[in-house]
Amino acid sequence: MRARVSSLWLPRTGCGPAEYQDAFCPRVDGERSGPRLRFALADGATESLLSGRWADLLVRNYCRGPARQVAGVLDGAREIWNRQLLTYPQQREDAGRPIQWFEERGLARGAHATFLGVQLSSGRAGSRRGAWSAVAIGDTCLFHLRQGRLLASFPLDEAGLFSSSPPLVSSRRNGAPDRTEAARGDWLKGDTFVMATDALARWFLQGAVAGRSPWSELASAVAAGPAPFAEWVHERRSLREMADDDVTAVTVDVL
Amino acid sequence: MSYTAEISRANPTCFVFLIDQSLSMSDPIGGAAVPMRKADAVAEAINGFLSELCVKCAKEDGVRDYFHVAVIGYGAEVGPAFRGGLAGRWLVPLSEVAAAPYRLEERVPVPVATMTAPGATGLAGGLSGQVAQAIAERPVRVPVWFEPTAFGDTPMRAALAGAHAIVREWLAVHPGCFPPIVLNITDGESTDGDPAPIASDIQELVSADGPVLLFNLHLSEDRSDPIAFPPEQFRLPDDFARKLFSMSSRLPEHMRAMARQQGLTLEQGARGFVFNADASSVVQFLDIGTQVLNVR
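Sequence lines, in order, name chains A and B. When the letters of the first sequence are read in order and numbered with my numbering, they come out as residues 47 to 301. When the letters of the second sequence are read in order and numbered with my numbering, they come out as residues 187 to 482.
Warning: the hint list may mix true and false statements.
Stated by the list, open to error - Far from chain A, by Cβ distances over 12 Å, these chain B residues were calculated:
1. P266
2. P397
3. S466
4. D473
To be verified - From the structure, some residues in chain B lie toward chain A, with a derived Cβ separation under 7 Å:
5. E192
6. S194
7. R195
8. A196
9. C240
10. V241
11. K242
12. A244
13. V249
14. A284
15. L290
16. V326
17. R327
18. P329
19. R482
These are computed hints drawn from the structure, not numbers from a lab. Note that beta-carbon positions come from the ideal geometry of N, C-alpha and C, so glycine has one too.
Same shape as in the complex, but just chain B (with noise of 0.2 Å):
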């Protein structure tokens, strides 16, 4: 069965996302609680899943090496995307990720509804309880690795052929790791030519464990409901939807799962493309994507 690899320090695997940094992408985002470019968006996105894919790999020791990373832009030019110490690199290790923010915000965390919850008794709900609510409140460091940007066209093909790259690469040193995944997000068509065979160039990429799998995100400025993961026979709205969709990968049955939990229902052949994606949408297209099991 595909994409039961397990995920080890010996066996790691990787993700890749392609980041659209066109002009347009400073047009403001829809169903943003403020308002918000779709370039702020998805840098917030995008750092908050790094961040957070840190903390789920942090031991005592240090951030353990299940994942590399490549955040790839494309818009004037096509490249790596991280600013700071990590310039210049393309796949980096999470452990390097953790270690090279390009600067750390300093926030209080939003109160949570804690220890102490009402009626709760006995010595947790007493001093402990004060003393955990403490360490809770205490401010914590937010990373930044990647900024917005929002300038120049749309080369979707040579994203992908860089994407292409890394990862056929990174498949011939891992031939049994968990596939790669590879994120595109997106506000627009391809403006240096048809990206279509180069994606299923991606797809067409395996590991003993499956095929890499490619999932696209488009982002909209209009109020229209974003389709999440639709099936085959999805009636879509327009040729350039057809076409992300022809090029996203059918969501595994974990990642299926994963969405069910968050309340969406996918039908059987479900494809990890959504379009006319608001703000929410982003962060639930990155959490669903880049779902794995058995992390060891």
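Okay, chain A solo, but in the shape it has when bound (with noise of 0.2 Å):
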């Protein structure tokens, strides 16, 4: 199955690149082929630190590792999280940054981020449709959309939903299984995935319950590229349509 990708993303207003706290995977933009094909977005908890690098590392770890169930990646994540917090006190000595001692705390305590992963398979050769599924922890949003009509909006379909505390992916085992969610279905060629962070999946949510078509106005902006993107997120913040959150929006394009 082929595949075309493209993210465009803009931190919250006052923030530079090096403060955007989602992530998502892969990171280049372009067309996609294989028998099946992986994309994840994460959300960097604010409260917590390091979580824009624990929200990379996930995404990168459901997309590049081997395709294991999703337990399997996260439990990967915090192994390989774990390894490289031992010698982080070194690197900021090394950076002439010591650890202060409000980070102590924090790295104590682990970082925490949304998580969202979707899997595309191929159906039978030459057949034109396949299966897709979808695995969610937290509020990272996925919609389904064909000609036009959204299918499937996952794992929140209403913006009432959305609170200030969703369950994240903690970087420590705490003892409490993660609260994932799953989904699935099948996708015909030239059909359209979107996947967002809170903001924008918010946004979206309610164009819909209005009974706009949020997804006609995103893609448009999408489409437009990077500046013009940005400049209409901020538009939409101006307006207060959209909260002042960092915001990501990865389209897929079954081809």
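Could you fit the two chains together into a complex? Lean on the hints.
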């Protein structure tokens, strides 16, 4: 199967690219082909330390590692994270920026992020259809679109379901199971999948309820490229239609 | 809707703590696990609160100035209560608070039930769990900015006037901020006149996101049950309690939601007021009374 992926992102107002805490994979736009394609998007939690890096590790581990079940992906990421954390204090010392008292507790508490992983699998040879499956922890959302219609919205399907404390994947295994949700369906050639972090996803679902076609508006904004997309997001924020948060849209067109 | 403004470095808000440092604060507080003076319990709660706020606002590049903080003591005198490098400073950006504790005490954290839950399987239950455990058990440095003090009278009116001046000046520069929150912790009646008019002046200050919030906590040494966040029609025991109640703002909905999460059932119209507070209700008061939404 073949798909084209393109990603657009923007940090919250007043923040630079280094402060952007969403993460997505693959990082490079373009065509992908293979019997099974994976895409992922995660949103690092504002209140935890190193959460952008943790989000990045999660999406890379899902897309680039062996095609494991999500539990294995998350535990594998924790294993890598904990090893990296052992050498982190020395790295900071070497960089002339030793760890401060206020970071010690944050590092011990772990990093946190939402996670959304999507897998598209080929159908039979020559077939125009195949299967998709998705796993999610938290409020990073997947929208499945076909010919201008919204077929699926996962894991949230109402704007009112977003909260300030969504389920998160912790870098620490704290005994509580990950609150993983799963969904699956079929794709047809020409379908589009949009993955979005919470501010954009909420705007999208609010628009859908209001009877607008937010996917058309979003598709135009995405197709216009980074600068017009940023302008479009700024406008939504200034009109208070969209929360001022990191925004990421990953669009996957099935070819 | 009020109390929904996003808090960011571009649009920060402020907390002003007023701490009674009168002589009677050297009396023991009720409800402490080990005997403790009221002044000690308050100092521990304020230091703990500031420490937690710094941790929550910490990023790889340092502590972000989502908040500015003032701690004003009132007893023998009225003035800023920070010690060390921040001595004499009224309102301080959080990054500067984080950078200049008076001292750091090294403590080994209390072990927590952690990573290797019984029956845990997979990588995280093995070596990774041990590694994470080792990280969690590293000694941590605990900051102290504010020392317990108990000497003199209770000039609450002057302390509230100080808070009023700080907040008014803040709002002139930050008119769109999440409304500043003033938290007054006392164990007795004002000795410099009626504090109600200046309390009312504070509550009349507004940002574009709503009126400034003033919350009051009364500390007790007796064993009476604390009265936490009472509603309008609640029958309070005496005039002093009714005075402090009348000086306290209603809790916004998001703070009541937070209180519900902590197992408190608060009625509509509940005020940010605690009477006969013991050691644990000081911590709870700070926790609920400084709750904000939308920190970006």
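Checked hints:
no. : hint : result
1   : P266 : holds, 21 Å
2   : P397 : holds, 21 Å
3   : S466 : holds, 21 Å
4   : D473 : holds, 15 Å
5   : E192 : holds, 6 Å
6   : S194 : holds, 6 Å
7   : R195 : holds, 6 Å
8   : A196 : holds, 4 Å
9   : C240 : holds, 4 Å
10  : V241 : holds, 5 Å
11  : K242 : holds, 5 Å
12  : A244 : holds, 4 Å
13  : V249 : holds, 6 Å
14  : A284 : holds, 5 Å
15  : L290 : holds, 6 Å
16  : V326 : holds, 5 Å
17  : R327 : holds, 4 Å
18  : P329 : holds, 6 Å
19  : R482 : holds, 5 Å
When each numbered hint is compared with the structure, no violation occurs for any of them.
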